[in-house]
Amino acid sequence: LSEYDGELYYLGIQTDISADFHPPYLGHKVIVEGRVSEQPRICGGIVLEPVKISVVAELDKNCDTILPVDERYQVDFSPRPPGPSGGQLAFQNAPPAARAVQAPAEPGDAREFTINYAFDGKVEGPNAGDLGAILRHAESSGATRIKVMGHAGGVLLSNGTLLQEKAGLAQARAEEAAMLLKAGGLARLSFEVAWEPPSEANGMDDWQTRRTDVVVLP
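Counting from 79, one number per residue, gives the positions in the sequence shown under our numbering.
Don't take every hint at face value.
Taking CB as the label site, the calculated pair distances span [unchecked claim]:
(1) 272 <-> 244: 17 to 23 Å
(2) 152 <-> 240: 35 to 41 Å
(3) 149 <-> 82: 24 to 30 Å
(4) 101 <-> 254: 21 to 27 Å
(5) 253 <-> 84: 23 to 29 Å
(6) 189 <-> 91: 28 to 34 Å
(7) 286 <-> 254: 18 to 24 Å
Hints are computed from structural coordinates only; laboratory data are not their basis.
Note that the Cβ used here is the ideal one computed from N, Cα and C, for glycine as well.
Construct the complete structure from the given sequences, taking the supplied hints into account.
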């Protein structure tokens with residue numbers, strides 16, 4: 079949950095570090111990018127969907143609220159029970175549709191993948207699935223080339239504040255993605271690594287500008 083301007087918002091539940099959603103941290107502000115949905119409130123908070131969050135690295139002592147357990151609120155859709163996961167990835171307990179196995183790629187099949195990031199961030203736990211999908215496709219399709227294009231951009235907050243990502247982040251993201259893919263077993267392939275100038279923020283889905291596009295080619 080996160081509070082803003084006197085209103086409480088539901089962001090998501092804590093599952094595993096590999097899950098698409100990773101909760102904010104106590105003692106830190108969080109950048110929340112989302113749309114108000116028509117779903118009923120969850121745990122007393124307005125539901126944002128889709129939602130992307132980015133934890134601000136600097137400590138903020140104002141972010142110190144711990145909400146007590148409230149029996150009125152029950153979460154019955156968690157993919158695993160509370161407590162340590164024992165190393166079990168969140169998606170292993172997901173519904174069958176979320177665990178659908180991708181059909182083997184045909185030789186000569188080209189495909190584009192996208193790696194998204196938190197604000198000012200690079201690869202984190204939730205990106206493990208993205209990188210794994212790229213590796214599996216490259217290996218099964220007999221790929222020989224990979225194009226990597228890094229992107230960055232700002233975020234326009236609802237109060238009119240414009241936040242800009244760190245300089246050089248598009249290049250750093252592209253180079254990191256290429257390095258991780260090579261280390262994952264694709265070093266024999268030809269890599270073309272490039273990046274673009276930061277995109278302008280408009281307050282609408284700015285999170286989509288924080289990405290690396292990877293094209294796997296025959």
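- Which numbered conditions among the earlier hints are violated in the structure presented, ordered from lowest to highest? 5
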